[in-house]
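Participant: Spelled out from the first residue to the last, the chains are:
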Amino acid sequence: MNGATLHTISVLVEDRPGVLTRVAGLFAARGYNIDSLAVGPTEAAGISRMTIVVNVDESPLEQVTKQLNKLINVIKILEHDPGTAVERELMLVKVRAEGDARARIMELADVFRVSIVDVTASTLTVEASGKPEKLEALRELLSEFGIVELSRTGRIALARGERGIRERVLKAAKAG
Amino acid sequence: MTGSKMSGADALLKALEQEGVDTVFGIPGGASMPIYDPLVDRSPIRHILCRHEQGAGHAAEGYAWATGKVGVCMATSGPGATNLVTPLADAKMDSVPIVAITGQVPTPVVGNDAFQEADITGITMPVTKHNFLVKDPADIVATVREAFHIASTGRPGPVLIDLPKDVLLADTTYRWHDNVTLPGYKPTTKGNQRQVVEAVKMILRAKKPVLYVGGGVIKADAHQELFDLATTGQLPVVTTLMARGVFPDSNELCLGMPGMHGNYTAVTAMQKSDLLVALGARFDDRVTGKLAAFAPHAKVIHVDIDPAEIGKNRVADVPIVGDCKDVIGKLAAELHKRQDEAGGPPDRSAWLGQLRGWQDEYPYRYPTDDGKLKPQYCVERLRALADDDTICVSGVGQHQMYASQYWRFEHPRKWINSGGLGTMGFAVPAAMGAKVGRPEARVVAIDGDGCFQMTAQELATSATEQIPFVTAILNNGYLGMVRQWQELFFDERYSGVWLDPNVPDYVKLAEAYGAVGLRVESTDEVDTVIEKAYSITDRSVVIDFRVDPGEMVFPMVPSGASNDDIIVGPESIQSTTDPGEAPIA
Ligand SMILES: Cc1ncc(C[n+]2csc(CCOP(=O)(O)OP(=O)(O)O)c2C)c(N)n1
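Sequence order for the protein chains is A and B. 1 is the number of the first residue of the first sequence in this note's numbering; add one for each residue after it. 1 is the number of the first residue of the second sequence in this note's numbering; add one for each residue after it.
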């Protein structure tokens, strides 16, 4: 992963069948790898928000963004400035936890302020949320115990500040 | 408003009718039969039964090119629908507004690999502007509204509506919607006035300006605005393959076609220019040649309705997003105003004089002294014996380039071809569609023997539906354009390009399809046979021109080469030219 070309983009879309394929297809057709993609509903009915992390250079990214904008179901696109965005991700990790490993894992969970959500005789499952870098650090530390299974949601992001993109967009859409 | 009860299929046809559709090109099947039933007696829409769905799709395109309206084609599910993929991709590349309607298997079995099922919305996503799968009959009318709106506004393009059979059969209530609500679709049509002023200042400062005009100007019906801009500013005009006819060839400011097979003056004018005003043109690689060496001294003003085209290949010094009609109109008005204040356009006599000199020195030319029947001559005569209102349609290959080079265009929407995708088999069905849209105009398809064989069966449609047009096959016995490349770049190693000029017998084939078949074997027969063909107006005519198989298209900029290295004729070929990086047409 090369940090210099990693971009986080928020895409507001109409909640219609096929919209995810259309968006992902635009990246695929150009051979770009999507690092992570998270989709979920927004505060507005019928509008979903996708957060896409993609590894591309500036100028092809501009072309993809313009192409994304042309998709009929895409309402608005915003590229996040890493300095002024709140970025979060959720991770579940099942780790081997036998003998004294158990206590050390629970200690780690404490330090990272994350919770243990499932316990068996031989494993612990840790739920962690936060900045991708924090999850990366935790994963690194847990890996020495032996990771049985891991699942991450992909990144979601919001711009800092009091305004949201949706109200601006909807206002513009009504005016236009 | 209370609606009336009817089937989904009836609602579909009624909505099409309300959109102004008079003709649909299609082939029925199990999944689309419900749409065909009302066509017997309840719908005024004319259905033209084609012989292949690809033909139906290109016919819809030809109709749209010729009329400026949305063309409509229809197919059943599965193989019917997949046969539409090529015309849809073609329409996407050339921004042709068409709506394709496909039947689909009933909703309960969608996704089940049911008989004749294909995920056509999935398949056509990348080759349509948008597509819809309608699952509720109550959505049919709104979907038709949205589809026509999307197809015909902004940058036009193809839209597909997939309709499961049970949705077509179900009862629904017909309700017309006056407004279309698409929150994500708001094309910018009005050009920014500040940018317009900026652009006009640059035009006034330029010593060697060129208007680089593309198909977008035709789509926007902005030919009058263009004429005004060019003549007011004394600005020379190049018309790309897609834009032929949008500015009259007979006007002294017209330089004709640039690009890989463009003429020397158009190509070189762009190379030497200090300002390119790109209007509805997209800096296609066939125009620019090697991008890094393209028009190296030129500043660029780029006008396009599609923001994604601006800066895609070449950075624009002044980008203007908007409809060409609006923006060119504003440019012309601003230019008028400023030139009136200044007492006329800047003196560009040196530049215009240089262009004239090149035109005199390097006209299009071809050998005339070897006694062989030349394809270029056939095109010249086909044009000379027709009137300005004649619509010329072409396939893809050498004949397409000869047609664009040697046909003289005086009006927009008289030239129809497959520019972006380069689809062989386009000409015959597109000519048929054009004739349906413009029945009073003569339609001439200039086709290659290879292309013709891909969709010739639409001659049967033309005969049974009485849609007469002339097809001029420039029969060189080869996939000529590929042969030309093998000759130039693969040491004359001809592989997979020979087509027996006698198989099929095109005259007999024409007769078999209910058309008139004529043959021309020598130069002195050309006029007589064309006159005979043009005198027949109640049936289609196919002319088999047995042209020189060795003839090549010149000038030529080999792909990957700079436009500075234009080869004007066979005498200046260096045998070791690089085959280039881009694939052929
Ligand atoms: C459907 C399709 N298949 C293949 C090609 C590649 N191709 C481009 S031009 C050409 C030759 C066309 O031959 P013909 O129709 O005889 O025209 P000519 O070049 O001889 O005038 C071919 C095969 C294409 N453009 N479209």
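Misleading hints may appear alongside valid ones.
Said to hold, decoys possible - Okay, the calculated beta carbon distance ranges per label pair: (1) B/189 x A/111: 50 to 60 Å; (2) A/62 x B/181: 23 to 33 Å; (3) A/44 x B/194: 28 to 38 Å; (4) A/15 x B/119: 18 to 28 Å.
No lab work stands behind these hints, which were simulated from the structure alone. Using N, Cα and C, we set each Cβ at its ideal position, and we do this for glycine too.
Participant: If a hint holds in the structure, say so; if it does not, say that too.
Facilitator: Right, here's what the structure says about each hint:
Hint check: residue 189 of chain B to residue 111 of chain A, Cβ distance near 58 Å, so the stated range 50 to 60 Å holds. Look at residue 62 of chain A against residue 181 of chain B: about 29 Å separates their beta carbons, and that is inside 23 to 33 Å. The supplied range of 28 to 38 Å is met by residue 44 of chain A and residue 194 of chain B, whose beta-carbon atoms lie about 34 Å from each other. Restraint check, residue 15 of chain A to residue 119 of chain B: a C-beta distance of roughly 20 Å satisfies the suggested window 18 to 28 Å.
Checked against the numbered hints above, the structure breaks none of them.
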